[in-house]
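A.B. asks: Produce the complete structure using the sequences and hints provided.
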Amino acid sequence: MMPDLGKYAAEVLSAYGVSLALIFGLIWLSLARARRVKAELAEVEGRRQKNG
Amino acid sequence: MASFWEYANPLKFMRTTERVLPFITFAAVVCFVGGLIWGFFFTPDDYRQGSTVKIFYIHVPSAMMAINIWVMMLVTSLIWIVRRHHVSALAARAAAPIGAVMTLVALITGAIWGQPMWGTWWAWDPRLTSFLILFLFYLGYMALWAAIDDDDTAADLTAVLCLVGSVFALLSRYAVNFWNQGLHQAASLSLDKEENVADVFWYPALVCIAGFVLLFVALVIIRTNTEIRARRMRALMARERQA
Amino acid sequence: MSALLIRDLRLAMRAGGGFGLGLSFFLIVVVLIPFGVGPETALLSKIAPGVLWVAALLACLLSLDRIFALDFEDGSLDLLATSPLPLEGVAAVKALAHWLTTGLPLVLAAPVLGLLMSLPMAGFGPIVLSLLLGTPALSVIGAFGAALTVGIKRGGLLLSLLVLPLYVPTLIFGAEVARRGAEGQDYMTPLLMLAGISAAALALLPFASAAVLRVNLR
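Chains as they are written, first to last, in our numbering: chain A, 1 to 52; chain B, 1001 to 1243; chain C, 2001 to 2218.
The set of hints was computed from the structure by calculation and includes no laboratory data. One thing to keep in mind: the hints can contain errors.
Computed cross-link-like contacts, DSBU-like style, restricted to lysine-lysine with a CA-CA straight-line distance of at most 30 Å [what the hints assert, rightly or not]:
#1 50(A) - 38(A)
#2 50(A) - 1012(B)
#3 1012(B) - 38(A)
C.D. replies: Below, the structure is given as structure tokens:
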């Protein structure tokens, strides 16, 4: 059920598309980095525990 | 009631925020998705702007966030300078990229809206110009963080830059106002806002604003915790190398 | 303090750095503009004030990284920090030296380059006046940026990114004075604003620069 966007459909859709792409890109980057750093830290901590 | 400053302890901060994070994330998703769906699918067109009025459900919240995130960075920078809490400095660092993206979103949606409405992608209108300058400030701030290896030095320098930058950003705002009035008196490109926003547009916009705010809070928590972990990791690695 | 100033000035002269370089850069930018936009006199005289201001600003930017970098590398900045001279004073003197070797020559050269850009007769006074009042602000703001990036290797590009947004208000008011002057309008308001920015920057920014230098020397 697409609403009728009239003659400005391209503008509205591209505005939503670009914005959502940017925001989701930011979210994805944040989450990916959070996961990576968390794993790396766990590894370093683990190494520290082993070596005393 | 525990003191607010307890959260300056990175571990305490991480434990508490990770406990509330699921709720905030949930609320953010509900408001963000709900508000945008409401705005996109279930609002009428404006009689003059047609369906482009729907762009404002993204444009207005992102523009608000762009400014408010800078203010938040200013406050956390001040706390870092005065009380030397690492969490505060790292929160400012975590917020900057979000602010930059919000500024970019506001600029792009504004340009796309301006094309059919003003007949141009870009005009050197005071408001547009100040946002572009704000974007440059975000870029400089992030670049300075990225350029310095030592954490405390970077935190200090960026905090001072944020302070000085705030003064100059404010100054630029007024300078730009003055400059454009000087250039062309007659052309006034104001976005007619509060006075004639009807409730049908206003309520979904409010939900969207709440969604953006909550999204920002959730992202800042995630990113701040990442920065805390990254900092701890660097410290551990340095210790390992010494041993 | 005056000994430091004289030492800095002498170094700038001898190293052949800031002194001639900024000035030649100013000249080159102004010469390039007509190649870019065409030799039409009417157009050139219309954009002349703005072009002169932007070119002066870029020329100023060029020599900023020399303000503290050399002294930081050879350790004389550490000596200055432990000397009885307050670091705020050092920052101010360094900015002054930068202005004397870069800003002032630009002010003096501006009328000559105004001729090249076919600046209207009425514009010569205002452009010199506005540059005279504005370039000190450019120097102190630039000194702050230089202090921020002093510890960073190859910080030149970062320095420009940090300093250019800070230059916006000065540029706007300065160029506005020059433009209004060239068009024969009253330019008192932007002139006062420009003077205000310069005065405030001169009074406050050395403290920020000194704070930042202390962090970098830690």
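A.B. asks: Against each hint, give a clear statement of whether it holds in the structure.
C.D. replies: Against the structure, the hints come out as follows:
{"no.": "1", "hint": "50(A) - 38(A)", "verdict": "holds, 18 Å"}
{"no.": "2", "hint": "50(A) - 1012(B)", "verdict": "holds, 25 Å"}
{"no.": "3", "hint": "1012(B) - 38(A)", "verdict": "holds, 17 Å"}
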